[in-house]
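Residue numbers for the sequence shown follow my numbering, so the first one is 2 and each next one is one higher.
Keep in mind the hints are simulated off the structure, nothing from the lab. Glycine included, C-beta positions come from ideal geometry on N, C-alpha and C. Accuracy of the hints is not assured; some may be wrong.
To be verified - Quick list of simulated restraints, FRET-style, between CB atoms:
| # | residue 1 | residue 2 | range |
| --- | --- | --- | --- |
| 1 | LYS87 | THR109 | 28 to 36 Å |
| 2 | ALA145 | GLU59 | 34 to 42 Å |
| 3 | GLU203 | MET60 | 27 to 35 Å |
| 4 | GLY70 | GLY134 | 32 to 40 Å |
| 5 | GLU156 | VAL186 | 31 to 39 Å |
| 6 | GLU203 | LYS87 | 13 to 21 Å |
| 7 | ALA86 | LYS211 | 15 to 23 Å |
| 8 | ALA86 | PHE185 | 23 to 31 Å |
| 9 | GLY184 | ASP95 | 37 to 45 Å |
| 10 | PHE185 | VAL146 | 30 to 38 Å |
| 11 | LYS73 | LEU190 | 19 to 27 Å |
| 12 | ASP133 | THR157 | 21 to 29 Å |
| 13 | GLY184 | ARG204 | 29 to 37 Å |
Stated by the list, open to error - Listed below are the simulated DSSO-like cross-link pairs for lysine-lysine, each with C-alpha atoms no more than 27 Å apart in a straight line:
| # | residue 1 | residue 2 |
| --- | --- | --- |
| 14 | LYS149 | LYS219 |
| 15 | LYS108 | LYS180 |
| 16 | LYS89 | LYS67 |
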Amino acid sequence: MNWTFIIRCLLIFGVSVALAACEPYPEAAADPGANLPASAVLLRDEKEPAQSMDAEYEMLTEEERKRSGWDKQVGQGLGLWISVAKQKLRVVEDCMVIQKYTCSTAKTGVGARFGSYQTPPGWHRIVERIGDGEPEGRVFRSRAVTAKIWKPGEETPEDLVLTRVFIMEGLEPGINKGKDAEGFVVDSLQRFIYIHGTNDVERLGVPSSKGCIRLDNKDIIRLYNGIPVGTSVYIDPDAGTGH
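Using the sequences and the hints, build the whole thing.
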């Protein structure tokens with residue numbers, strides 16, 4: 002028996018097994034999103050991509066994380082970041098931006114007092130979702146479904162709440178919860194501050210709402226499918242504040 006030949010074969014076989022165990026599959030290595038969180042893959046792999054979607058991946062900056070207290074509030078979990086200055090809503094998981102949408106915040110700027118029609122700053126939490134299974138353009142009033150469906154191109158002077166609705170509560174007493182130091186109500190839940198679909202799609206990307214965060218109707222459906230109750234929302238007051 003040729004022991005030298007057998008030993009040589011065993012050595013070659015062992016090296017091959019080691020290489021196979023260490024090298025990634027070519028398909029996985031070629032896919033830049035292969036290691037994304039499950040929710041990121043869900044959003045990325047939708048068959049009908051959102052009109053306002055940005056394809057690139059990015060991270061929250063260290064400055065953004067420190068300024069907002071993101072690590073304490075969300076950590077490696079799932080959260081939403083709304084930029085007033087950029088009119089963008091970002092879906093963030095493990096500090097990675099996995100989706101971006103063009104939105105509209107208040108025409109009158111950033112503020113939280115009842116009757117101001119401004120978008121409140123700071124930390125919020127989604128406490129209710131409305132619209133499961135409803136068609137695109139379904140109209141909601143007083144947090145309830147109506148029989149009306151808005152169609153693209155249909156003109157109406159109303160600021161409609163359409164398609165899907167995220168109801169939010171403020172998490173910061175005196176800023177977006179309860180009353181401020183002067184006794185004015187600044188409670189986002191009492192002010193009916195939502196993230197919702199809109200009939201004013203032409204002005205997305207421009208501050209134009211009455212305090213809510215507006216999204217394209219296809220975008221709000223896409224967002225709704227991946228964002229559960231309890232998700233933290235940070236509204237970045239980076240375009241100035243006021244009452």
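Checked hints:
Between LYS87 and THR109 the beta carbon distance is about 18 Å. The supplied range of 28 to 36 Å is therefore violated. Between ALA145 and GLU59 the Cβ separation comes to about 38 Å, which falls inside the hinted range of 34 to 42 Å. Here the CB-CB span from GLU203 to MET60 is close to 32 Å, well matched to the stated 27 to 35 Å. The hinted range of 32 to 40 Å is satisfied by GLY70 and GLY134, whose Cβ atoms lie roughly 36 Å apart.
For the pair GLU156 and VAL186, the beta carbons lie near 34 Å from each other, so the given range of 31 to 39 Å is met. Checking the proposed 13 to 21 Å range against GLU203 and LYS87 shows it holds: the Cβ atoms sit about 19 Å from each other. A hinted range of 15 to 23 Å for the beta carbons of ALA86 and LYS211 is consistent with their spacing of about 19 Å. Taken as a hint, the range 23 to 31 Å holds for the pair ALA86 and PHE185, whose Cβ atoms sit roughly 25 Å apart.
A beta carbon spacing of about 40 Å between GLY184 and ASP95 agrees with the range 37 to 45 Å that was offered as a hint. For PHE185 paired with VAL146, a C-beta distance near 32 Å keeps the hint of 30 to 38 Å intact. Checked against the hint of 19 to 27 Å, the C-beta distance between LYS73 and LEU190 comes to roughly 22 Å, which is consistent with it. The beta-carbon spacing between ASP133 and THR157, approximately 25 Å, falls within the hinted interval of 21 to 29 Å.
One distance hint, 29 to 37 Å for the beta-carbon pair GLY184 and ARG204, holds here, with the actual separation near 34 Å. Distance restraint check for LYS149 and LYS219: the Cα-Cα separation of roughly 18 Å lies within the 27 Å cut-off, and the hinted pair is therefore satisfied. For the given pair, LYS108 sits about 23 Å from LYS180 by alpha-carbon distance, which is consistent with the 27 Å threshold. For the hint linking LYS89 to LYS67, the alpha-carbon distance of about 19 Å falls within 27 Å, and the restraint holds.
Hint 1 from the earlier list is the only one contradicted by this structure; the remaining hints agree with it.
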